[in-house]
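Chemist: Each chain, written out:
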Amino acid sequence: MAVSGLTARKVRTLLIMLGPVLGVAAIVAAIGINESSKGHLKAKLQELGTDLIVVNASAGFGFGQDPVIESAAVGRVSRLPDVVAVTGTRQMSDIVTVPFAGAEDYYRAFPVPVIATGLDLPSTLEVPLVSGRFLNEFDESSGARVAVIGRDLADEYGYLRGESRTIELNGLQYGVVGVLDYVLLEPSMDSAVFLTFATAMDDWGLDEPDPSRLYVRAPVNTRLVAQEIPTVVSLGGPDGANASVPTDLLDAQSQVDENLNNLTKMMGGLALIVGGVGIANVMSISVIQRSSEIGIRRALGHSRSTIAIQFLFEALVVGVLGGIAGAGVGAGVVWGVAEQRGYTMVLSVVGLAGWALVSVGVAVVAGLYPSTKAARLEPLETLRLG
Amino acid sequence: MNPVGPDGADEVVLSLEGVSRIYGEEVQVSALDGVSMEIRAGEFVSIVGPSGSGKSTMLGLLGILDLPTHGVIRVRGVDVSELSDAERSSLRGDAIGFVFQQFHLIPHLTALGNVETALLYRGLSSRQRRGRAMEALEQVGLGARHDHRPVQLSGGEQQRVAIARAITTQPGVVLADEPTGALDSQNAENVLEIFHDLQTSERAICIVTHDLHVADSARRKISMLDGHIVSDEQLVRS
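Here the protein sequences line up with chains S and R, keeping their order.
If you count the first sequence from 1, you need to add 993 to reach my numbering.
If you count the second sequence from 1, you need to add 18 to reach my numbering.
The following block holds chain S by itself, in its conformation from the complex (with noise of 0.2 Å):
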């Protein structure tokens, strides 16, 4: 009986309905969308670690040659406290890679990066081996040629695992003794040559043993320990070096998206709000328009506030409908996006409840209005006596 006033109008109450759906829908999947999303750069930060510097030699005087780190700053910086590994890598130029003799024609085109790289690389990224072993104390003493790839290097030549097979170094031959898993924090490695700083001197006329670049793991106090480094390396001197967290990187890209978050809330708060200002209007004209209704149970009786609840109560329904089928509507939406992007859904069902809560909250205050000026229609004047 008392949503009778609903249910016969239909159309109408399926449209002031819209307001409440779209606003709790809007905020629903944007809170639940960032959350995702989020959780996604969780599992990406923790996969990654959260405790990895990277530290680029910069150019001090020494201009005209690529900047280095001594091998005497490396040894300082791990002598660091907190500092736990590091591995020091120098990327080669001017070699051409090939997979075979032959080929030099179609690779030149597409440069293999070629690092020299100190022996516990995969243990400082934390990265394992597809298969085969890293470069070891033997290859490094001995001068081997041998050679470490990464995955989609190994892809791309169609190189087998455990297949004894050798690449061309600018016409030398390398054999191949391991692939290097995916380094999600240098997406470059997976498609890079790792060889030992000897055979870089031996064969590519490195003069020194000295990184460019430093990977350095430090679990507690690692931006400390980052802030530091520069100083350990350069003492004071000419030769500088930047170090920084990658992941800072990816927390940074979790705030951005915290601000498109709140954007997309409030514009979800006003589709609330323009949803209640619609209900508002919508119920006060029905409240004309059912003048003679109101009048008539007036005379039959009910009294001013029960003329009043029912009119509130039908925003009540408009409002806990709309706010569960917003809720359900972003929730949809959620799963849609987390979906298509791999994520997984995070979604706060308490959240859910809250914002159809809030739907609930707008729907009461926006029929406050109208029911307050049903209960205040005097009934002679609706009744119209003859």
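In short, the hints are calculated from the structure, not lab data.
The model shown is predicted, which means the values in this text are computed figures rather than measured ones.
We put the beta carbon where it would ideally sit given N, CA and C, even for glycine.
DEER-style ranges, computed between Cβ atoms:
1. R:R92 <-> S:L1350: 47 to 53 Å
2. S:K1003 <-> R:P68: 41 to 47 Å
3. S:V1358 <-> R:T87: 33 to 39 Å
4. S:E1371 <-> R:H246: 20 to 26 Å
5. R:Q146 <-> S:R1369: 29 to 35 Å
6. S:K1003 <-> R:L243: 49 to 55 Å
7. R:L230 <-> S:K1003: 44 to 50 Å
8. S:L1256 <-> R:Q146: 51 to 57 Å
9. S:V1358 <-> R:G161: 40 to 46 Å
10. R:E100 <-> S:E1371: 19 to 25 Å
11. R:D244 <-> S:R1369: 27 to 33 Å
Chain S is fixed; fit chain R onto it per the hints.
Modeler: Just chain R, lined up with the frame of chain S:
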């Protein structure tokens, strides 16, 4: 529920004591001026008068849809000016039934639903409401059409639904405002007959009309002019 005393027929259901109703603040129009009257249980009263004579105002006051500017209105002996809106509404629902010229049925409810509206908020179960509403519909001969909506009913039938709605609460008095005014003569006659059938020693009927035929079918006729009662006569029924 019904104010039936030992001398049932003499029980005063409604009374006006020196009642005036003045509309407007700056320009004051006196619609009713110092009127006193009583309606007793079992009476069949008609109130007649030309437009502007104050009969509609009187009906609004008798039905306590309105309050007097001066004077006292008593329903079952209770001074209504001392009641809150909720109490007055409840008293109105219990003691008075209304029938209007324009029927005023709620369009989206069935005949039964319309009659049930009068029984809402009275602590009745929906089964009890349905039973009593059905009983009232049968009393006006519309039991078979209880599930029809107002648009599916003729004018006469709609007015009978309205009458069923007015009597389902078993009020002490039914106030009717031009109940035959919107009906053709045949339907008007039927409706008038129903009113006569409804009148019992416990229930008074009060019809406001300008149709002299309707007025003369009553047992007591009150004539009004310019806010005053000009005559109040008992009619001898032929």
